[in-house]
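All letters in the sequence shown, in the order written, are residues 2 to 56 by this note's numbering.
Please note: incorrect hints may appear among the correct ones.
Label pairs and their computed distance ranges (CB to CB) [to be verified]:
hint	residue 1	residue 2	range
1	Val3	Ala45	27 to 37 Å
2	Val11	Glu55	31 to 41 Å
3	Arg46	Val4	48 to 58 Å
4	Glu49	Thr10	33 to 43 Å
5	Ala44	Val3	31 to 41 Å
6	Ala6	Met43	32 to 42 Å
7	Asp41	Gln21	28 to 38 Å
Hints listed in this document are in silico derivations from the structure and should not be mistaken for laboratory results. All figures in this text were calculated on a predicted structure; none of them were measured in a lab. C-beta atoms are modelled at their ideal positions from N, C-alpha and C, and glycine is treated no differently.
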Amino acid sequence: MVVVAWGLTVAVGVMLILPQLPPLLDRLASASLRLARWADRMAARAEEARRRFEE
């Protein structure tokens, strides 16, 4: 009986979360892209600073 109740709880939870998944994944992908762009900018700045330091 407990297993059935647990299974129903999980099923209802999945059904409630599933429609909200695509926007959540879009936000996650967007944040990941922004982080990658930021990291590229920081790497370019570090490379430029290293070049100036070596001169």
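Go through the numbered hints given earlier and state which of them the structure violates, listing their numbers in rising order. 1, 2, 4, 5, 6
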